[in-house]
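Asks: Whole structure, please, built from the sequences with the hints as guidance.
Throughout the sequence shown, residue numbering follows our numbering, covering 1 to 824 in sequence.
What the hints contain is simulated information worked out from the structure, not anything from laboratory work.
Any given hint might turn out to be false.
No farther apart than 25 Å at their CA atoms in a straight line, the calculated lysine-lysine pairs in the DSS-like style are these [claimed, not checked]: (1) K667 with K37; (2) K244 with K254; (3) K627 with K580; (4) K653 with K680; (5) K328 with K195.
Treat the numbers as computed from the prediction; the structure is a model and nothing was measured.
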Amino acid sequence: FTLTASNVLNEVVVLGSRSTPRTQLETTVPIDVLDIKKLAGAGAQVNLNQILNFAAPSFTSNTQSLGDGTDHVDPASLRGLGPDQVLVLVNGKRRYNSALINVNGTFGRGSVGTDLNAIPVSSIERIEILRDGAAAQYGSDAIAGVINVVLKKTVNRLSASVTSGEYNTRSNQIQYHDGQNTQVALNFGLALGEKGGYINFSGSFDDRKPTDRGGARTDVIYRRYPGGVDRTDSFLTATNTSRKNYSLVVGQSKYTSGQFSFNSSIPLSNGAEFYAFGGLGYRKGKSGGFYRLPNESRNVLDIYPLGFLPYIGSDAYDRSLAAGIRGKVGDWDVDFSNTYGQNQFDFSVLNSVNASLGKASPTSFNAGGPKFTQNTTNVDFTRGFDWLHSTNLSFGGEFRFENYQLKAGDQNSYANYGLARQVGIDANGNPILVPDFGGSVNTLFGPDGTARPGGAQVFPGFRPENAVNANRTAASVYADAELNFSKAFLVDAAVRYENYSDFGSTTNGKIAARYKLNKTFTIRASASTGFRAPSLQQRYYANTATVFTSGVANEVGTFPNDSRPAQLLGIPKLSPEKSKSVSLGFTGSFGKLKLTLDGYYTRINDRVIYTGQFTGSNAPTASAVDKEIYQLLSLANATGAAFFANALNTETKGIDLIVSYKVKLGKGTLNADFAANASKTEQVGPIHVSPKLIGKESIYFSNSSKVYLENAVPNTKANLALNYSISKFNFFLRNNYFGGVTEASNTLANQQYYTPKWVTDLSIGYKLSKIVNLTVGANNLLDIYPDKIAIAANSNAGQFIYSRSALQFGVNGRYLFGRVEVSF
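Replies: In structure tokens:
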């Protein structure tokens, strides 16, 4: 078997067409097919994002660190575009997005993606990746392409596996044995009746421990007040602690998850079929924040004499159910379905404090969180005709309901109990103060003389005024045609009209063609327009959060796009992103060697971004607008305001190459596969600032945001995989190339470039018996790490040894694993 995105290039696929299935070499657009069972059986990766990251060069996803909720939901992208510009389907039906929006310093900042890791790998038969714009066929989000997860249909077979491993690595002259991960996976299918009906069940349990590749901080840990004299050395001696005890944790987060899914079909009369699939999932996560030092206003010495490392906890719930009927109505194939999905993400804060409560503060908090619900109803009609050589016509409609809710946290998670408002002056001339969460007078101060901040440290909870319950609907109709002018010449055309209740309508089209030059070569090309509707999360998300810039903590308020602060700054209401895409490629079949080569270009106008922090002023000379912004931010316990806005246009250019070769070698079979993607996304034209913000472009779209967009993940990825099977043994060797990335710093001089790296995976499988298979191996066998940070300003006083903003393949090092599989 083959273990890269190429898989078997004559694999039959249906994605990208609603009519005749075709092989990958015959489609009008590039499509990858991955056999997930074989990928998961040989590799160290156990979740879907990481399996795809190491198998498909056009796909990128990395585990984040110190990114708040993003530590728990890995952002993923296709062809270098955003996490929200790829559409995910399950069995051809639209998958719901995550409730979480990425607002901290990570790739995909400001976007909402789909949590692929919520789908148990044991339930998946294969993954189909359409690497071409497809909004005219599938609707919003499909600008970069479509990922279709095809679930298993097997019956009368039970399979189970246990995978366990840990990082065995050396970094910065320290040997680590951490990040232990154990996964138990099950799959079982039953036949229903005697006419091909089935129900297939899958489940998995995953327990992952955290890692830490951070360094010991080098700056001042303890100051004595008044005076602020550095007493770090004497403090460390008196407390018998080291600098590492006061440092943050850099690495993967901890989580425990359980997932269940099913896939079923029941034949009905006259060739009709009832089908249903769905699942439940729960994930509990825990990730670290920045350390709060002992003698500062954010700490309460009565609770944490040595300061504290706060943690963000998460409880993520996934629920989905799809059901439908397929059959014939006259000469038409008809598919009527309804698909429901929901993701809920609850934040908690652990080992923390609300400093404004002093020693009465609890140490854990319920911070609230978002919930996203989507319900999609589809009806599709398809029919073949004898026109030309052959013709297939399809049309249909879709109605989608979406709901976004944001729930407030407990009062102690967000309130500042040290604020008051002045109501008068007493007989002695002293101000009369009344406690008021929205007051402007600070009454509590820390040892360092600064005001004690309110809210839970590391992640202040969502406030009641942030809470929202917003709905929208989207209705669409589409038509597409597949015209075979001859055996050699095929043309696909599609048009789709959509109307959203919150922003209006859009019409998009696509045309694609394939021509067989001879038995060896085929050329193909496509052109399309597309769009992405701003998510409800982007429209309605609001919160006050702790954001660290160069190690300095600030409270930043994120306000809805139609809020008063946004109106004051002249930021217009969100509108759809619009795209134009073209691609040109060819395929070749040379006996046992097969290849595809495709180039592409995508222009996206009015991309939605998450802005930098705008700050007001209360100075006497400040403008009326700045003063009002200052007052509004104070009410939100914030020092800066950020928004979502249609701010810029981008161009993405790239090329995909896939080569597959299969040959008998001795008594065994060798599969050799090479796959590569090179892409470049760039901002084109000026930033779309409002008239009131002219001259503040660097805040609207900062230098660091530009890097997150263009260079924070590899623009080039490749892998060469060799798989040799002989007798009871299977040997798998894969070399992955990850291109260079750039540090996401607002200071141009600090934007360090991290050079490309090769990462080697190796595994050996042995079939112990007819039902038992054993596999041992290593991911990152040679223990390769990214370049170390060479610019001190990027290390946060030595705590970051490797970049947290620019990720190639992670910072955890070599991972050793073993797997036992049983199937009968």
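Asks: Are the hints correct? Go through all of them and say.
Replies: Hint check results:
{"no.": "1", "hint": "K667 with K37", "in the structure": "24 Å, holds"}
{"no.": "2", "hint": "K244 with K254", "in the structure": "20 Å, holds"}
{"no.": "3", "hint": "K627 with K580", "in the structure": "42 Å, violated"}
{"no.": "4", "hint": "K653 with K680", "in the structure": "5 Å, holds"}
{"no.": "5", "hint": "K328 with K195", "in the structure": "17 Å, holds"}
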